[in-house]
Amino acid sequence: MKFKKAVLVLAISANLLTACSSDEEKDLGLTDGSQGAAAGINDASTSGLSNGSGYSGSSMGGGAGGMGPGGMGPGGMGSNNMGPEFSDPNNPLSKQTVYFMLDSSQVQQDFVPIIAAHAHYLQGNPGQRMVLEGHGDERGSREYNIALGEQRAKSVANMMKAQGVSESQLDVVSYGEEKPAAFGHDESSWELNRRVELVYQGR
Amino acid sequence: MSVFRAILLCGLMALYAPVSQAEMNIEITEGIESALPIAVVPFAVQGAGMPVDVRFVVNSDLARSGYFRTMNELDMHSRPSTADQVRFNDWQALGQNYLVIGQIIESGGQYNIQFQLFDVYKGTQLLGYRLTSAPTELRRTAHKISDLIFEAITGNKGVFSGRIIYITSTGGNKQRTHRLQVADTDGFNAQTIATSPEPLMSPAWSPDGRQVAYVSFERKTAAIYVQTLATGARSKVAEFPGINGAPAWSPDGQKLAVTLSKDGNPDIYALNLSTRSLVKLTQSNAIDTEPTWSPDGSHIVFTSDRGGKPQLYIMPSSGGQEKRLTFSGDYNAGATFSPDGKNLAMVHGNGGDYRIAVMDMATRTVNVLTEGRLDESPSFAPNGSLILYASRKGGTGYLSAVSIDGKMQQKLMFDSSEVREPAWSP
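Taken in order, these protein sequences are the chains called A and B.
Under our numbering, the first residue of the first sequence is numbered 1, with each subsequent residue one higher.
Under our numbering, the first residue of the second sequence is numbered 1, with each subsequent residue one higher.
No lab work stands behind these hints, which were simulated from the structure alone.
In this text, all values refer to a predicted model and were calculated from it rather than measured experimentally.
Some hints here could point you the wrong way.
Claimed, not checked - SDA-like mimics (lysine to any residue), calculated; alpha carbons at most 25 Å apart, straight line: (1) B:236 <-> B:274; (2) A:179 <-> B:397; (3) B:393 <-> A:102; (4) B:262 <-> A:164; (5) A:179 <-> B:174; (6) A:179 <-> B:352; (7) B:174 <-> A:191; (8) B:174 <-> A:164; (9) B:309 <-> A:191; (10) B:262 <-> A:201; (11) B:174 <-> A:182; (12) A:179 <-> B:274; (13) B:309 <-> A:104; (14) B:174 <-> A:187; (15) B:393 <-> A:189; (16) B:309 <-> A:109; (17) B:309 <-> A:99; (18) A:179 <-> B:34.
Model the full structure from these sequences, guided by the hints.
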């Protein structure tokens, strides 16, 4: 019976966004507003969306980094407007992905001729721009993989610049492990994901 | 009884998770042998039926805390709901140290919940509360009850009424949708706070829990945003050429340590959020990234590959005097301090496996806590007792929690097979 005396009356608030301290628990006023907090999160999802100019690819023309209008997705360079050499499997221009070894941003010998061919093309077409998208496999921590992906893309950019491509034709972006080309979780997928994609921008 | 509960839970999902449909199961894969036995008796309910099984939520919270071994209700010989019905001898005979009883009375659309916690051996009440809850707040009220019980017995603050933030992805490569979501610590009540067809990354709670910093590629280059949870309003705080990543709040909430590569290679900067001024903290020609502040604000630990492989380094938070911290394993990255600053959790790679490890900052001893192959993104619970992290088995990505001694492990399963980068609210 003595425990009945010990039963405290407490109004509880579920207002998780203003993490309640134990002192606040004794504040009876906290029962109000708990619904508001939950609704606020819902608002965030919608207002975050509607405010986000540039969420869709078509509205990214003025985006930072000076990318061309109507930026194409990875691999979306479209041989339609790029000439037949880009779809000829015997032409190195048909290959637009450079692969890397684990935790390495060193360009392997096999890919040197491919990079050279694209560098040559860019030199001959000074109005053409390219985004070098660096990627990594899923192993290890995500932000480190962003850094690694950028190093890979810069390795390719540096080779192209050494061959005379203007810096203004090249943009570098790293997606780390966030945009895998293959969705498996073993070496056969990982080796496809450690890559730089050479993405020609629409003219 | 269990069928009834399953129906209730299904109904709940429809009500509470309209966006994500995040259905979650919690599976305790390992427990501590020294866990304290506690019996949470099903609460007596008067009035309208309950939209949430409060007792079930409390029982699950206590079980997954790692401190308690909860009793199956089928093994109970009696189901007292008031103190005069309790016979302590019975519960002693069942090997229980603690007993929780309660009753719920519905009136006028509100629920009045009364519960009591007893020490079975002393035969005394440790805690007694009467709470009022709206139907929509029942789960949160249940988590609050768990926190009260946890604190009364362990002396440490409970963490169940906190929140977690994480990222999910759905859809194939061409129509991928990335979502930043906030949920209760058991994964229920998931709400999406940002959606983008391009990757979202690295969510970080502000020290007051009101804002979240994260990286978004929505403009096809990286930018760092700070979003206020209650309103959804956000501001872009960094969009320099190259990497804008790894935001980490200073303990006073005034600054973000960030990774920028605008000067050529990734370095760590301190960004003052009110003046937007930048101070460059690292100068190496290698990768420097993933800053994390010590809780007293005096130091920053970060990942660098200046020695060839990624390892952790520590420097004063004003920069300079960088010292290497990790020497075991061939990969140590993505560090985060425990709330008391005594431990540092990290991703520890050795022989191709990536696991969560903890360094004791006093002795610099490293203890590997997990056994996955692709474990990453450790985040401490605010009382320092658990580390939440992302893991993967086969094609399924999930969130897991491990006690800092590694003895208790639990798995939180989402519907989405791509759930990652969890962070526990302060």
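Structure-based check of all given hints:
1. B:236 <-> B:274: This hinted pair holds, its Cα atoms lying about 12 Å apart.
2. A:179 <-> B:397: Holds, because 16 Å separates the two Cα atoms, which is no more than 25 Å.
3. B:393 <-> A:102: Roughly 21 Å separates the two Cα atoms, so the pair holds.
4. B:262 <-> A:164: Given pair residue 262 of chain B, residue 164 of chain A holds - Cα atoms ~23 Å apart, limit 25 Å.
5. A:179 <-> B:174: holds (10 Å)
6. A:179 <-> B:352: holds (21 Å)
7. B:174 <-> A:191: holds (20 Å)
8. B:174 <-> A:164: violated (34 Å)
9. B:309 <-> A:191: Roughly 19 Å between the alpha carbons, so the hint for residue 309 of chain B and residue 191 of chain A holds.
10. B:262 <-> A:201: The given pair, whose Cα atoms are some 22 Å apart, holds under the 25 Å limit.
11. B:174 <-> A:182: Judged against 25 Å, a Cα distance of about 12 Å means the pair holds.
12. A:179 <-> B:274: violated (33 Å)
13. B:309 <-> A:104: holds (10 Å)
14. B:174 <-> A:187: holds (23 Å)
15. B:393 <-> A:189: holds (15 Å)
16. B:309 <-> A:109: holds (23 Å)
17. B:309 <-> A:99: holds (20 Å)
18. A:179 <-> B:34: violated (44 Å)
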